[in-house]
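Student: Here are the chains, one letter per residue:
Number of protein chains: 2
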Amino acid sequence: MSLSSSLLENAVDQLATLPGIGRRTAMRLALELLRREVHEVVRFAEAIRALRENVRYCERCCNISDKPVCEICSNPARDSGLICVVEDIRDVIAIENTRQFKGLYHVLGGVISPMDGIGPDDLHTHELMERIAQGGVREVVLALGGTLEGDTTGFYLNRKLNEQAVLVTTIARGISVGAELDQADEITLGRSIADRKPFEHSIKR
Amino acid sequence: MSLSSSLLENAVDQLATLPGIGRRTAMRLALELLRREVHEVVRFAEAIRALRENVRYCERCCNISDKPVCEICSNPARDSGLICVVEDIRDVIAIENTRQFKGLYHVLGGVISPMDGIGPDDLHTHELMERIAQGGVREVVLALGGTLEGDTTGFYLNRKLNEQAVLVTTIARGISVGAELDQADEITLGRSIADRKPFEHSIKR
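From first to last, the protein sequence lines are chains A and B.
First residue of the first sequence: 1, per this note's numbering; consecutive thereafter.
First residue of the second sequence: 1, per this note's numbering; consecutive thereafter.
Think of the hints as simulated: they come from the structure by calculation, not from any bench.
On a predicted model such as this, the values are computed, not experimentally measured, just so you know.
Be a bit skeptical, because a hint or two may be false.
[To be verified] SDA-like, lysine to any residue: derived pairs with alpha carbons at most 25 Å apart:
(1) A:K102 with A:M115
(2) B:K67 with A:E37
(3) A:K67 with B:R23
(4) B:K67 with A:R36
(5) B:K67 with A:D79
(6) A:K67 with A:N97
(7) B:K67 with A:R23
(8) A:K67 with B:A26
Chain A with its partners taken away, still in its complex shape (with noise of 0.2 Å):
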């Protein structure tokens, strides 16, 4: 697709190196902005550049924040000595709307992925080692994705752990709540039977 200036080619080019973007869809979304006014693509193209320019991290657990210390890690309420370690900011979304979760989280900030050249250095591993290093923590809670990259970042993070005086968990795999058995993939329905726990309020044995 050659076009007849340079100006639109860039924007195209640019757009299209976004995940799940093609050309053509990169070529819907320029022509859209150019249906709107002047300010308002500054105003969508300002935020863009802020947000990377000017992001801040929680110092303590490393999830995108306005203030130095985010608002769960600075909440006198939360149980600091439980930490959940997750992939990214989405993630401490997902579980904080389940309300289930009183400690604290880590936010990795990825996983590691060979095929991506991200190895543990390129996320906030480091800094989850200093935070435990550092007492008071009892238990990590693993909630990563079920992913290659997950169980490769799980497995990774749960040896260093290990050489730590702190109790490593992961959150639990099996059939969805509301899910048919048959229509799960045969990984999870295996693993959820091997996992098996006793019913609840049923006589212990």
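Chain A is fixed; fit chain B onto it per the hints.
Tutor: Chain B in isolation, oriented as in the chain A frame:
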């Protein structure tokens, strides 16, 4: 979804204004941009800002162009008596790729859409009428999408163009080449029967 950072919130809000991008996808894009180098994101934002601030249009056909008169309009080998009216630059690229059209274009920059508050005056219709009024154009081909908005725009332009001494034609609608009849929608199939034409090389009676 309330976020711990107004910078992130702002960028997600802006990305979510793009067509086809919801807040979940916008968040994914914002986190992807955060993983990049600062200079890469600045280049990304600048490309979008520059597109809207510095965009220029061909003064004859209204297509996006770096030069005052685009390469198609300034090509003496093309038939200046034949003008193909299209919605936007994507249609120009699509028609150019067919290598079937040797005339010039007129880019409307959109279609009439009362639902979105877009009327004839928001498009480059006035420029089209001026081009015809200058003389030398014998045929205008309306190559608009087969949507309600495309049809409305076609009806409007046909009425306006009929006031001038110019032949108005429209691209053929029918069954796609290589398509099965039972896969086509009823309106298209009905139209292709109503618009039937003599079989090529058949004896004319």
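Student: Take the hints in turn and mark each one as holding or not.
Tutor: So, going through the hints one by one against the coordinates:
Our distance criterion of 25 Å between C-alpha atoms is broken by K102 of chain A and M115 of chain A, whose separation comes to about 35 Å. Restraint check: the Cα-Cα separation between K67 of chain B and E37 of chain A comes to about 22 Å, which is no more than 25 Å; the hinted pair holds. The straight-line distance between the Cα atoms of K67 of chain A and R23 of chain B is roughly 23 Å, inside the 25 Å bound, and the hint therefore holds. Pair hint K67 of chain B plus R36 of chain A holds up; C-alpha atoms about 22 Å apart against a cutoff of 25 Å.
Restraint check for K67 of chain B and D79 of chain A: the C-alpha separation of about 64 Å exceeds 25 Å, so the hint is violated. Using a Cα cut-off of 25 Å, the hinted pair K67 of chain A and N97 of chain A holds, with the two alpha carbons roughly 21 Å apart. At most 25 Å may separate the alpha-carbon atoms for a hinted pair to count; K67 of chain B and R23 of chain A meet this at roughly 23 Å. Between the alpha carbons of K67 of chain A and A26 of chain B the distance comes to roughly 23 Å, so the proposed pair stays at or under 25 Å and holds.
When held up to the earlier numbered hints, the structure conflicts with 1 and 5 and fits the remainder.
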